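**Q** Quick mapping for you: the protein sequence lines, in order, are chains Y and X. Under the numbering used here, the first sequence has 148 at position 148, and the numbering climbs by one with no breaks. Under the numbering used here, the second sequence has 640 at position 273, and the numbering climbs by one with no breaks.
Simulated from the structure, these hints should not be mistaken for lab results. Check the hints yourself; a few may be wrong.
[Stated by the list, open to error] Listing some non-contacts, in silico: residues in chain Y with all C-beta distances to chain X over 10 Å: (1) Leu67; (2) Leu80; (3) Ser219.
[Stated by the list, open to error] To spell it out: a stretch of chain X is covered by chain Y in this simulated footprint if at least three of its residues, at any positions, have a beta carbon under 8 Å from a beta carbon of chain Y; those stretches are: (4) 434 to 447; (5) 465 to 472; (6) 583 to 590; (7) 623 to 633; (8) 723 to 729.
All figures in this text were calculated on a predicted structure; none of them were measured in a lab. Don't be surprised by glycine CBs; every beta carbon is placed ideally from N, CA and C.
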Amino acid sequence: MDALFPFGFPEPTRFYLALYVATLVLHVVFMHYVLAGTAFLAGRGLLARLGIDTERPAYLLREWMPLMLSAAITAGIAPLLFVQIVYQERFYTANLLLFNRWMAILPTLLIGFYMLYLLKVNADVLKRPLIRQAIRVLTFVCFAFVAWSWTENHLLSVQSLGVWTEHYASGALMFKTPELAPRLALWFCGSFPTLAAWLAWQIRLTATDDEHREIDHPSVARLLAGIGLVGLLSAALCAAAYYAMLGDAERELMTGPPAGPWFIIAIVGAVIQSAGWIVIWKQNALPRGLLLIVSIALLVTLCGTAVVREAIRLARVDITTLYNAHTQAAAVSGLGAFVFFLVVNTALMLFCIRLVRTKVESRGTRV
Amino acid sequence: MDSPFPHYPVNDFGPLMKGIAIGVLGIVHVFLAQFAIGGGMLMCYFQWLGQTGREPLARKFTDGFFKFVVLVSFVLGAVTGVGMWFATIQVSARTIGTMVGEFHWLWAVEWTFFSLEITAGYCFYRYGTKLPDRERMTLLVIYAAASWFSLFWINGILSWQLTPGDFYETGNMWDGFFNPSFFPSVIFRTVTSMGIAALAACLVVNLMPEMDREQRNTLIHRAAYFLTPALAMPLLGVWYFWAIPADSRSWTLGGNVPMMMFFVLAIVCSMFIAVYALFGLIRARLYINGMTASLLVSLALLATAFAEFVREGVRKPYTLRGYLYSNSITEDEVARLREVGCTTDDPYPLRAADRYPNEQVAKGALVYRNLCSVCHTPDAANGLTHVTGTWTVSQRRMNIAKLQRTKPFMPPFAGTPDELEALVQWIGWINSGRPETWPESNDPETLREIQQWLDEVGTKSGLELLAEEGAH
Ligand code: HEM
Numbered sequence: 001m002d003a004l005f006p007f008g009f010p011e012p013t014r015f016y017l018a019l020y021v022a023t024l025v026l027h028v029v030f031m032h033y034v035l036a037g038t039a040f041l042a043g044r045g046l047l048a049r050l051g052i053d054t055e056r057p058a059y060l061l062r063e064w065m066p067l068m069l070s071a072a073i074t075a076g077i078a079p080l081l082f083v084q085i086v087y088q089e090r091f092y093t094a095n096l097l098l099f100n101r102w103m104a105i106l107p108t109l110l111i112g113f114y115m116l117y118l119l120k121v122n123a124d125v126l127k128r129p130l131i132r133q134a135i136r137v138l139t140f141v142c143f144a145f146v147a148w149s150w151t152e153n154h155l156l157s158v159q160s161l162g163v164w165t166e167h168y169a170s171g172a173l174m175f176k177t178p179e180l181a182p183r184l185a186l187w188f189c190g191s192f193p194t195l196a197a198w199l200a201w202q203i204r205l206t207a208t209d210d211e212h213r214e215i216d217h218p219s220v221a222r223l224l225a226g227i228g229l230v231g232l233l234s235a236a237l238c239a240a241a242y243y244a245m246l247g248d249a250e251r252e253l254m255t256g257p258p259a260g261p262w263f264i265i266a267i268v269g270a271v272i273q274s275a276g277w278i279v280i281w282k283q284n285a286l287p288r289g290l291l292l293i294v295s296i297a298l299l300v301t302l303c304g305t306a307v308v309r310e311a312i313r314l315a316r317v318d319i320t321t322l323y324n325a326h327t328q329a330a331a332v333s334g335l336g337a338f339v340f341f342l343v344v345n346t347a348l349m350l351f352c353i354r355l356v357r358t359k360v361e362s363r364g365t366r367v
Numbered sequence: 368m369d370s371p372f373p374h375y376p377v378n379d380f381g382p383l384m385k386g387i388a389i390g391v392l393g394i395v396h397v398f399l400a401q402f403a404i405g406g407g408m409l410m411c412y413f414q415w416l417g418q419t420g421r422e423p424l425a426r427k428f429t430d431g432f433f434k435f436v437v438l439v440s441f442v443l444g445a446v447t448g449v450g451m452w453f454a455t456i457q458v459s460a461r462t463i464g465t466m467v468g469e470f471h472w473l474w475a476v477e478w479t480f481f482s483l484e485i486t487a488g489y490c491f492y493r494y495g496t497k498l499p500d501r502e503r504m505t506l507l508v509i510y511a512a513a514s515w516f517s518l519f520w521i522n523g524i525l526s527w528q529l530t531p532g533d534f535y536e537t538g539n540m541w542d543g544f545f546n547p548s549f550f551p552s553v554i555f556r557t558v559t560s561m562g563i564a565a566l567a568a569c570l571v572v573n574l575m576p577e578m579d580r581e582q583r584n585t586l587i588h589r590a591a592y593f594l595t596p597a598l599a600m601p602l603l604g605v606w607y608f609w610a611i612p613a614d615s616r617s618w619t620l621g622g623n624v625p626m627m628m629f630f631v632l633a634i635v636c637s638m639f640i641a642v643y644a645l646f647g648l649i650r651a652r653l654y655i656n657g658m659t660a661s662l663l664v665s666l667a668l669l670a671t672a673f674a675e676f677v678r679e680g681v682r683k684p685y686t687l688r689g690y691l692y693s694n695s696i697t698e699d700e701v702a703r704l705r706e707v708g709c710t711t712d713d714p715y716p717l718r719a720a721d722r723y724p725n726e727q728v729a730k731g732a733l734v735y736r737n738l739c740s741v742c743h744t745p746d747a748a749n750g751l752t753h754v755t756g757t758w759t760v761s762q763r764r765m766n767i768a769k770l771q772r773t774k775p776f777m778p779p780f781a782g783t784p785d786e787l788e789a790l791v792q793w794i795g796w797i798n799s800g801r802p803e804t805w806p807e808s809n810d811p812e813t814l815r816e817i818q819q820w821l822d823e824v825g826t827k828s829g830l831e832l833l834a835e836e837g838a839h
């Protein structure tokens, strides 16, 4: 494993690992919106006390959240499929060891989902400030719980058989490890720069409804820049804390030939994002070109981080023992069908979006 | 598919059998998914009625109904779908692992359709009311087709579990996909989906405000036409049953009493709905109020529940017919496990091991965990101590040794005589109220006798034994 990730593996392994990481990034892009977005809604009361107007992003978040959650879940299914090919037994074992605690993410997701609709409903009981705030906080708690579950499951899946059997014998509901806090915090803080970029595009691209028309971009540009910058800074601190906690084996892979370059581009992406948000702050506007640069830098950071994350796992899992399974998986047919339908259905998805944008627009109401 | 035996930690589901836990989730998921599929088709139909001027009320219904479909199926359907996956891992990780290995690209294909379904669905949900008819229809058709194709793909994988066709001979994934029960089941499920959507539509119409009785009646009778294909269900059912293996068929025709009961109940519920649709709704043009509609929807849910129970049940003793038994042991591994034992290499210890009176009983508990717990509990649902309660110790030994003959829907016993004796002692200990002390039985004569029974019955599955004897 001296080559750049994912090249240092035999063909089938490389292929599935790359697909896994790529689809995970897709999941993360949407999942970040949900995690940071619901946190933002829960915490916007504090910003209001500081005299910051959060009306426009809050409106967008309430409107788009159900769709974004659907997207996060749907996008999650793809890495879920590939993780079962690359690390099948480990993933299943962690699921089984956590048992009810793992399955709890299902009702939690459901509750969270319907809470999102409650956020949009204007019934009288729901207008009481205390109830409103309770709904917001609870919604966030649901998704924070789901994030925590995935991190816990992941960390359990990379343990040794000895840890597993001990965990099983103890009948413990949760898997506790010091790594959990900084890792989860990193995911949480890192979700804010993604949220800021999403919101910036949504504000640029969507129409302002009548009640929101008077609110112009400048008032939100600084808010978004603030969200992006605070997110990047706090994520960097969490990353440093997490790094300090890791052992030599992990660090060697993270900074060595396989993942080192990815680590570097992740940092470079973060620096570019920071610079971009600073300029946005100064200009107090959301210019398209700048947003494009920030967004590309964001994607670069997310890809880099996803690979570095994988390097930590690879330092703990002897992947050479799994090569056989990957070779077997690669022998089955169906890849052609997948590529074909991926192309066709992606085209159809774009067609639907274009149809809505052009046809609704032509009738006078912008989307 | 010849990986070494993977030992997974086995969880205790308390008084429930694992099948029940996954069954309940499965029923909810299947019902919702079918509702979404039929719902898509129904909306295309109503959109057509509306835009061709045949039914002025249709547009209003489409918008109202679609909100309902989205709220129920996108949310509940998507989450219970992921839930099915997780639940299957809990019940038999090895089953889902093998299926992922063989069919991951088809699952990936299904994922592209699901993404399309969500995209088209949301476009319609948010902007449908602001779109001209032609575009509305386009979105609805894409939505309906995408959701039906999800069924198409997943149906191939699931029907393969029971009827692998030529798959194990040719090793070709497509042979497994287009297996003997593929077409009957995909058509059967399509018809069911249409029926469920029609019934749900009757319910939704009753919940829609600002509509008088006459208007409701009109819409309900339009929707009722979606129930007519259900009249073909008996024929489709026969086709399906003709396609599945004879032994599976025989479980539902009396070979297994609960299975037969559920099978009959599923038929009765479906026929009741179909007859009501034909005579009540279409011929006599009766009005369905909210109460009746709820009742019919519940009946459809019950029919789904019974039918899913039968579908899961007829796979026994396999989860993947001809390859993997329900207890996650492959056909080929049985012979070796009879030599080395099923508990020998299991790294996971017993939980609360100190509650057992001696090592032999503790080992029996392990054997139960590895070989029987997927279908039995110790003394609750399908409790092992209940089903063997009236037997003498020696009867227990022989019937368990010849497990696949005792009931051909059980897998062959896959352990050593020593393990079998431990299991029998564990059963006896529980039957006696779990006393503090319990004698170990270590008579070599007993073990020899068990070995002889094991040798007599062999390691083939009960289904194979029956088929061979039938052929003679
Ligand atoms: C809004 C709800 C969700 C949130 C907040 C969330 C959050 C997360 C987080 C934080 C991780 C990274 C774990 C780590 O590296 O420590 C993760 C990974 C992952 N998530 Fe999600 N997730 C959500 C829903 C889902 C759903 C519904 C699925 C499946 C359909 C899914 C599939 C995955 C997969 C496969 C991974 C990689 C796991 C691994 O490699 O160990 N996620 N998710």
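**Q** Run every hint past the structure and note whether it holds.
**A** Evaluation of the provided hints:
The claim that Y:Leu67 lies off the interface is violated: its Cβ sits roughly 5 Å from the closest Cβ of chain X, which falls inside the 10 Å cut-off. Against the 10 Å criterion, Y:Leu80 falls within the reach of chain X, whose nearest CB is about 7 Å from its own CB. For Y:Ser219, the requirement that its beta carbon stay farther than 10 Å from each beta carbon of chain X is met, with the minimum near 26 Å. Coverage of the region 434 to 447 of chain X by chain Y holds in this model, with 7 residues showing a Cβ closer than 8 Å to a Cβ of that chain against a need of three.
Beta-carbon proximity to chain Y at under 8 Å applies to 6 residues in the region 465 to 472 of chain X; the threshold of 3 is reached and the given coverage holds. With 0 residues having a beta carbon nearer than 8 Å to a beta carbon of chain Y, the region 583 to 590 of chain X misses the requirement of three or more and the stated coverage is violated. Residues of the region 623 to 633 of chain X with a Cβ under 8 Å from some Cβ of chain Y number 0, which does not satisfy the need for three, so the listed coverage is violated. Using a Cβ-Cβ cut-off of 8 Å, 0 residues of the region 723 to 729 of chain X lie near chain Y, which falls short of the minimum of three, so the contact claim is violated.
Comparing the model with each numbered hint stated earlier shows that hints 1, 2, 6, 7 and 8 do not hold.
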